[in-house]
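Enquirer: Got two chains here, each in a separate frame; can you build the complex from them with the hints?
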Amino acid sequence: MTFSPQLEARFAKLLASYPPGRERSAMIPMLLYAQDELGSVTDELIADVADRTGVTPLQVNEVISYYTMLRRKPAGKYHVQVCTNVSCLLRDADRLFEHACRKLGLDNHGVTADGQFSIEEVECMGACSWAPAVQVNYDFHHAVTPEKLDQLLDELKDKR
Amino acid sequence: MLYNQPSPLETRVLTRRFGMLNSASIGTYLATDGYQAFLKASKMTPAQIIDEVKASNLRGRGGAGFPTGMKWSFVPRTSPKPKYIVVNGDEGEPGTCKDRVLLENDPHSLIEGCLIAGLAVDAHAGYVYIRGEYRYLIDILEKAIAEAYAKGWLGKNIQGTGFDFDLYAHTGAGSYECGEESALLESLEGKRGVPRIRPPFPAVSGAFQCPTVLNNVETFCAVPWILAGGGKAFADLGVPKAGGTKLTALSGHVAKPGVYELRLGFPVRQLIEEVGGGIPNGKKLKAFIPGGSSCPILTAAECEGATMDYDSMAARKSMLGSGGVIVMDEDTCMVKVALRIMKFYADESCGWCIPCREGTTWLTKIMTRFYDGQGSRADIDLLGDISKNMLGRTFCPLGDAAALPMISLVEKFRDEFVDYLKGKRREETSGRLVTV
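Quick note, the sequences are listed as chains A and B, same order. Under the numbering used here, think of the first position of the first sequence as -18, with each following residue one higher. Under the numbering used here, think of the first position of the second sequence as 2, with each following residue one higher.
Calculated directly from the structure, the hints in this document are not laboratory data. Hints are supplied without guarantee of correctness; some may be wrong.
Residues of chain A placed beyond 10 Å of chain B at every Cβ, according to the derived structure [said to hold, decoys possible]:
1) F(-16)
2) A(-7)
3) D29
4) K54
5) K58
6) C82
7) K84
8) Q97
9) L134
10) E136
11) K138
DSS-like mimics (lysine-lysine), calculated; alpha carbons at most 27 Å apart, straight line [said to hold, decoys possible]:
12) A:K54 <-> B:K344
13) B:K257 <-> A:K129
14) A:K54 <-> B:K192
15) B:K144 <-> A:K(-6)
All values reported here derive from a predicted model rather than from experimental measurement. The beta carbon of each residue, even a glycine, is placed where N, CA and C say it ideally should be.
Just chain B, same shape as in the assembly (with noise of 0.2 Å):
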């Protein structure tokens, strides 16, 4: 099911099927070259598979970005372990609702980048993780593996090409750590969340610890596109150093929100206007959230010659993340995004390492006393301070994922903290600046 309207401003790759007739079915798939690119990769070598991949300059989906192909290089093929495809399709990160998308209009997009991604690390089963919540894609995904099972392409000597391969679903419970890619592992494994220890990485040992390629949903659903049609075609629809297109989640104040595949490299101040359709009641741009709520937000002024790239978004301190766009017009109250942002961080870190468990704790009660008005001037540096502390020193990113974002809001929005120690506040249904 489609959830907003196509902007014709879009670049559908991953997103070509959406919109036919049951897309989500076998019958459509075939009909539309479907497993075509895994026959085509069946008579590649995994060598070959890789470098096409390489080619590409795919970047991992998921908000870390690492080049897709030089993961795939670092599974040893020749390890006596079995290997194993692990699909990351947990979907937890604020301002993101991508993945959730692809699972439902194309979900055997996903299941033929798993296979290829078999071929290529000598792999035999995979498991996708999905979020607890999204139990009616579980069910769409598991009709889907139904399907290819019944039709021979999950299995054994799929298609008479002598290749194995079984794939499973698995739903999770309820946690955002549980994107994180070792958290997940551990919970794939029936355990608590909790993240591993690095190295060694998936890529050596993973699931059950042994060799995993783990990627994100629409990282895998762009890997047939690549193979059938070649990875320099992909990287081209990019910019140097990161190929292809993002699916773009739009929200917050815009007129179209939605999700859109956007060829990387799209103007920020386009998107926010001709894709989103604007800021509504003729409202100014205040801050901008490229890529879920873990990356520095960006002020109106930083957002000018902005692309949606990872360079781009690395030039101005934040990154292009999971393509979760949060947009924020001149009536929102800053200080209240500050603290339900650090809430989530503290209702979400698994508690096992100290600087995360302790800093999103206290941050979040900083933050509450402040937006109470019971805040001081010595809370705005205390805020900037923790954070600073606790990045870098945390178990896993998620430690990072709350102090970035709060450090960008102490130093580019101080003077609204320091507004709003002298009462000055923004009234709650007009946003009318109020002093009280």
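Extracted from the complex, chain A is given alone in its bound form (with noise of 0.2 Å):
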């Protein structure tokens, strides 16, 4: 497979970065920044992986299958991910996440029809002090209310 050629110079440092006969330490930040490219890990990612850090394909998907940001179908363009851990459910994340499902017409870990939003319920995602905590891929959003989320949605929906 050919990646993008920041993607492949981050390959070469993440195999330079570990001990001698230790390439497969590479194997979940590969995975994880392929993923960022790819929008999931699809089979020919998993034997493009295994290939470079010296495992079986086998040994890449029993790895997958653990880590919860590893997916093997695509998210949305924007993947909701709203906390309902104590902290945040203690200002209301509960009502929030209901709220996010009916705004996007979503059940839990599903995505629009035309490929934009996903959503997904997570376990604490450090914003604690901040709640309630939303992220939209890589991005934090603090003290969250219904009325925020549809703003923060509607502005992403505008995006082109």
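Expert: Here it is in structure tokens:
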């Protein structure tokens, strides 16, 4: 597989970061960075990463099922992650999540038909003091109310 | 970037550069005595460095609170194997968001802490494991690392000291269990984050089965100040047997949630009322989590006279933990809280060992049924029994992390669980107690 020059450079840097014979350590970072470009972990990517890190495709597969950020099917262009763990729950994050699902017309893990949005109820993302917390892809949003969420989603929808 | 107003009650040691222009840049770092502690340490013997850290009474800031100097002394420096420094930046403990602000506002203090640790144990490479969701922080750290290399504070023969050190950022990909030190090391090797049997501990067999110092971000960030000012100065900021300050992440029902750096031994009442600005809407305190959801929960009565340090919390059969303080007011439905906490551990259990995999799953199933109104009195005892059977019997502390809060909830809020069976619920918006 060929990736962007930036990703290829990152792969090269990763492989050189670990002790000799320990290229397997690059596997999880590689999968995540490649997923950022491809949208999901495809069979082709699994074979490619296995090859680059000197392991079998099975050894890559067994890792994917463990890590929550790695996915086999693409998410939306904007993957909306709503935390409902304790600190956020105490600030009504459960109702925020329900609101988000209604607004997008999706259930948990759903993707809109046009591929623009997806939604996921997530565990603690490390923004507890600024709850309720939402991540869209890698961007953090703090103190999110249903109104703020509506505004955020509308702004993203209008982006081209 | 600062996410909350500082409090005048803070003692700004690790956070002393926060709020400065370009606090994360090496320019600001060097202009504020940055990397001087490393130069000082480079003229000390490893034993002297470790003695200084021991004198500081610094204890692990990730949650376990193990004495840091003692941990470093366990590394067999004369081993023929290469040694490693590994930073735990997985920060997944619910309620905890303090390593995040350190990485964002003063990444060079982490780099310098790693360098000093390297000197102490003859390690020449380090890995900063950062949770995958913290991508923007990985970017900030990698920028700081590049700056350090460019200015000769990483790499070969650093500033002519003869000491070589390389540092790398390494991303996780979504897993709370990878914050457990041995599971982290497995993840670093490109595997599922399943914990290892201990002994051997990481100090003897850690990264790549080599001797490793593995500590939390905040723990490393404290090290430069300790070497610069002396361990005793750090120790004196705290309480006997626990030195220094603790970054405390305040969340839940407080007027001023945020991350605050407070001396160990800070009174809980003052933390809630003065630092946190009190509980909004004139509500009373009902429950208090001192250091992340893995801690036994405390009632308002148990908070009387309590201080934020290891011994005070241990005396109340809880823990100081990660510094993730969660405040709950009188309208909080403890049954709902219990369910959500159990769901977290069931979601995050690696699935390896039966007591945790089955235990967290069954606790969640029973709590779900209970919350939906299909529970029984026997369930309340069952929740306690299952939890007690998990305690100390799981392969890693995640099982304990689920069991401990569950036990504390059914014991201390038993009446509320019983009332729930009778149909007494907290109304969603008003918090009023109603009977369904």
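Enquirer: Taking the hints in turn, state whether each one holds.
Expert: Hint by hint, here is what the structure shows:
1. F(-16): holds, 17 Å
2. A(-7): holds, 13 Å
3. D29: Holds: least Cβ distance 15 Å, greater than 10 Å.
4. K54: holds, 16 Å
5. K58: holds, 17 Å
6. C82: holds, 17 Å
7. K84: Its Cβ never comes within 10 Å of chain B, the nearest being 19 Å, so this holds.
8. Q97: Label holds. Min Cβ-Cβ 21 Å, cutoff 10 Å.
9. L134: holds, 20 Å
10. E136: Consistent with the label, A:E136 stays out of reach of chain B, its closest Cβ about 19 Å off (over 10 Å).
11. K138: holds, 23 Å
12. A:K54 <-> B:K344: holds, 25 Å
13. B:K257 <-> A:K129: holds, 20 Å
14. A:K54 <-> B:K192: holds, 21 Å
15. B:K144 <-> A:K(-6): Holds: B:K144 and A:K(-6) sit about 14 Å apart, inside 27 Å.
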